[in-house]
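**Student:** Here is how the chains run, residue by residue.
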Amino acid sequence: MDSWQALLVFVVLAPGVVFGVLALLWLAGYVPAERIISRITGVTFSASMMALAAIVWRLALPGAPAVAVTFGNWFTVQDYHFPLVLLADRLSLPFLGMTVVLSGLIGQFSATYLHRERGFLRFFLLLHLFAFGSLLAFSAGSFDLLVAGWEIVGITSVLLIAFFQQRTPPVENGLRVFAVYRACDIGLLVGVFVMHHWAGTASFDHGLSVLTGAQSTIVCLLLLLAAAGKAAQVPFSGWLPRAMEGPTPSSAIFYGAISIHAGAYLLLRVQPMLAHSVLASTLVVAIGLATAIHGTMVGRATADAKTSLAYASLTQVGVVFVEIGMGWKAVAVAHILGHATVRTLQFLRAPSMLHDYHQMHSAIGGTLSPTGQHFEDLFSESVRLWLYRWSLDRGHLDTILDRWVIHPLIQLSRLFAKLDNLGIDRQQEPREEAPVSIHTAASPGNIG
Amino acid sequence: MTGLPWILTTVAVGIPWLAGMLTAVARRHARVIGFVAALVSVVASAFLLQAVPARESLNEALMLLFSCLTLGATLVIPQRDCNAATIGGILFLLGSTLLAYSTNDLRILLAAWVLSTVPFFAKHWFSARSWRPRLGLLLSSIALALAIALIAAQGHAMSIARLRGRSPGGIAVFGLLVVAVMFRKGILPAHAWVADAAESGAPIPTALLLNGHFGAMLVAKLIMPLFPYTSRDLFPVLSYLALATALYVAIRAITENSPRRLLAFIALSQSASILAGLESRTAEGITGALVHWFVVTTSTMGLFGILRLLEVRFGENLTASRHLGLGEHAPRLAVFFIVFGLALVGLPGTLSFCSQDLLIYGTLASHPQTGLLLPIATAINAVSIFRLFSRLFLGKRRTGFTVMADALPRERWILTAGVLFVVLGGLFPSAIVALRSAEAKAVEHAIYSPDGARSGV
Chain A
1 MDSWQALLVF VVLAPGVVFG VLALLWLAGY VPAERIISRI TGVTFSASMM ALAAIVWRLA
61 LPGAPAVAVT FGNWFTVQDY HFPLVLLADR LSLPFLGMTV VLSGLIGQFS ATYLHRERGF
121 LRFFLLLHLF AFGSLLAFSA GSFDLLVAGW EIVGITSVLL IAFFQQRTPP VENGLRVFAV
181 YRACDIGLLV GVFVMHHWAG TASFDHGLSV LTGAQSTIVC LLLLLAAAGK AAQVPFSGWL
241 PRAMEGPTPS SAIFYGAISI HAGAYLLLRV QPMLAHSVLA STLVVAIGLA TAIHGTMVGR
301 ATADAKTSLA YASLTQVGVV FVEIGMGWKA VAVAHILGHA TVRTLQFLRA PSMLHDYHQM
361 HSAIGGTLSP TGQHFEDLFS ESVRLWLYRW SLDRGHLDTI LDRWVIHPLI QLSRLFAKLD
421 NLGIDRQQEP REEAPVSIHT AASPGNIG
Chain B
1 MTGLPWILTT VAVGIPWLAG MLTAVARRHA RVIGFVAALV SVVASAFLLQ AVPARESLNE
61 ALMLLFSCLT LGATLVIPQR DCNAATIGGI LFLLGSTLLA YSTNDLRILL AAWVLSTVPF
121 FAKHWFSARS WRPRLGLLLS SIALALAIAL IAAQGHAMSI ARLRGRSPGG IAVFGLLVVA
181 VMFRKGILPA HAWVADAAES GAPIPTALLL NGHFGAMLVA KLIMPLFPYT SRDLFPVLSY
241 LALATALYVA IRAITENSPR RLLAFIALSQ SASILAGLES RTAEGITGAL VHWFVVTTST
301 MGLFGILRLL EVRFGENLTA SRHLGLGEHA PRLAVFFIVF GLALVGLPGT LSFCSQDLLI
361 YGTLASHPQT GLLLPIATAI NAVSIFRLFS RLFLGKRRTG FTVMADALPR ERWILTAGVL
421 FVVLGGLFPS AIVALRSAEA KAVEHAIYSP DGARSGV
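Protein sequences, first through last, are from chains A and B.
So the first sequence is residues 1 to 448, counted in the numbering used here.
So the second sequence is residues 1 to 457, counted in the numbering used here.
Keep in mind that the hints were calculated from the coordinates and are not lab data.
Just so you know, these numbers come straight off a predicted model, no measurement behind them.
Built from N, CA and C at the ideal position, the CB exists for glycine as well.
Wrong hints could be hidden among the right ones.
[To be verified] Facing chain B, a subset of chain A residues (Cβ under 10 Å, in silico): (1) Leu-61; (2) Val-190; (3) Phe-193.
[Stated by the list, open to error] To be clear about the criterion: a stretch of chain B counts as covered by chain A if any three or more of its residues have a C-beta under 8 Å from a C-beta of chain A, and this derived list gives those stretches: (4) 79 to 90; (5) 146 to 160; (6) 324 to 338; (7) 342 to 354; (8) 371 to 378.
[Unchecked claim] Some chain A residues flagged as far from chain B (calculated, every beta-carbon gap over 10 Å): (9) Ile-36; (10) Leu-59; (11) Pro-62; (12) Ala-64; (13) Leu-105; (14) Phe-109; (15) Thr-201; (16) Ser-209; (17) Val-210; (18) Val-278; (19) Leu-279; (20) Ser-352; (21) Ile-400.
Could you build all of it, start to finish, from the sequences and the hints given here?
**Tutor:** In structure tokens:
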């Protein structure tokens, strides 16, 4: 292993090791002071940034090959291999950089923002685990390893949504988000399986090039399901406002920057296959367009800062999907980097948004002009009213999901319960309730 | 079996039985006696595992696993339950289960099968209030007894090794063995007793009974080696039923609010996939099933143990119909619960990520249509386990508890050992997967080359 490879391994593993050490210390009964936790976080991400800067410098040289670290196979059974390959190429590097820089910034911001909060250690544990999962997903050299990072990002996302665990809405919304993630991840699992089945491997190097047109389309459609779920694209957008229940710094890094763009990264990885499949690329464009329109309309009808920022984020990710579907890979990467940076800043400023507005109004000596009025003028009063109702209910997406998926599943479960209990008198049967709220009244985002 | 392996097997099986009798007589120091007896079984099983080649080590590995589970149970069982009857029953179950794993004789297998169910019929031991567990266990024993009686009636030898590849008793015996598997394992439509047993019986001993996985053991040890041709043709039916069970109970769990029943459904759903993997007839699927066997047993034991600890601390009327907020009182138990829970459903970084990966690959490769049920069932189970976690541990902090609520050092260390097994196994899975892969090849070989299969289990 040369020094560049060692640096890449350090960048990926450092947050994971910090998470492991802090978790074991906590299990043993030792809770580090806030200052120690924030310093460890600062040192970890600063060192990672420097290591990553060195790799960037190396890859900036003309003709420099990607930095790849091969650890062999994680496990092998007959012809089935799980390759353990880390890869820093020109696609993954911007995402690695974004993760390291923004995780470090969020760590520093949160040290003050969550000062004396009861879940201070829990937040930092999850931040490190999230950074590890993201770095693993972005540096994975195969879809197998990408799945591992992808799932870690999902579970940390859900645990941070339920961060304020004493209140019921964050906990229930976390469960809802988890359900959507798991449902969509079936696409990723089955997609990776069919790649193994047809190509004999799921590595980026060899797996993508050997699939035929029809096979590529099937793989792309399966991965698109996973990407759309993670990126909250239509029809899975309903979970995004629910995810705003988490602390603002986690909302910033997850739904303004990294997690929300993980789906786009997955599609960028399969871009060579996507380019050969008209059906899949058309669907990517269609989903992106629908999400962009949905996001911008619903965002206009939201009443709280974080949710409107989330929908603004959704709109941009929809546009990124369109760019990927059109084959504009470089544009999409640049768009993601710019968007992630700006949106993180906006999320972090969200708690003091009113203060910022007041300052701006004082500075300009009046109020800011409302934007977007010309769109409203295009429609008649009745259409505007209908669109407003439609936007207020977030495109009825949650209602549709509840009515056509969750409610039938609950009914089926109750039917099975009746079948199981035929002729049985179960005493003290607890009243069965819907596990996930059927009603769509997602609670307003938590500004704090 | 002669020489050192025979001595080690006798020690592993005999000491728990002797210790069980000792607890019944002495009625004191039950936990200490139970711990020492289980430890002796662990050590004997470990030496036994060392003594056999990797390819032939499935039974010995299962003996070691079950001994470790029982050792953990003797430590994690709360003081309220830790009496001579409970520890004696657990040790009796340990001895019977190890006997079933280790024997090469059909009559002894039947005896061990029946003996392992005895504590669940006796009222002062672990008998459930509901009649369905007793009926399920009884029917499985009757089916196995009839199958072995039919084999004996046709003049066949009683040695499993000598019956390999000979399809003794033909389709009738095969059918009876499948029925025994279905009732013992809780395969649809004989699944309801599992949740009843968990709800109205003693949770930790019931978890031990379920985690003996006698149904899967019968498949790997008897059905596949003895009936290779019939297995190839008819066994997919059992596989489809197992996949249907995995999905059925996963959906059933969605609206279940009794934590014990909910856990039983999830455990049943995940363990049903072991059968599907064994039947997949692919090296990946069988290896995945064997690795998953280890994950499911460890995780479900951990989950049932934690649930019992919560019941002892906060009352037995726990429910998943509302948020109980117990995490504030027992943060470490909460962390252990979520790690074991997610380890059961394929969390990356745990051993089940590898086993699920292989299982999904194997079942999809052998049954592309029905195999899809497995990832769907796993996804639903993941949501159910997270729901149970959030309802038990999250929510508004309850007041009025004056007891020491979080894990005691004794409980903490044994639960940490379980977590370390699933996590370290997940981070460095190659050794475990390679061992199970070697055993999987033996199982696969038994189906495709029955005449050349090894003799002697």
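**Student:** It remains to establish, for every hint, whether it holds in the given structure.
**Tutor:** Results of checking the hints against the structure:
| no. | hint | result |
| --- | --- | --- |
| 1 | Leu-61 | 34 Å, violated |
| 2 | Val-190 | 6 Å, holds |
| 3 | Phe-193 | 5 Å, holds |
| 4 | 79 to 90 | violated (count 0) |
| 5 | 146 to 160 | violated (count 0) |
| 6 | 324 to 338 | holds (count 5) |
| 7 | 342 to 354 | holds (count 7) |
| 8 | 371 to 378 | holds (count 3) |
| 9 | Ile-36 | 19 Å, holds |
| 10 | Leu-59 | 27 Å, holds |
| 11 | Pro-62 | 37 Å, holds |
| 12 | Ala-64 | 31 Å, holds |
| 13 | Leu-105 | 26 Å, holds |
| 14 | Phe-109 | 25 Å, holds |
| 15 | Thr-201 | 12 Å, holds |
| 16 | Ser-209 | 21 Å, holds |
| 17 | Val-210 | 18 Å, holds |
| 18 | Val-278 | 25 Å, holds |
| 19 | Leu-279 | 21 Å, holds |
| 20 | Ser-352 | 29 Å, holds |
| 21 | Ile-400 | 19 Å, holds |
Going through the hint list in order, the structure does not satisfy hints 1, 4, 5.
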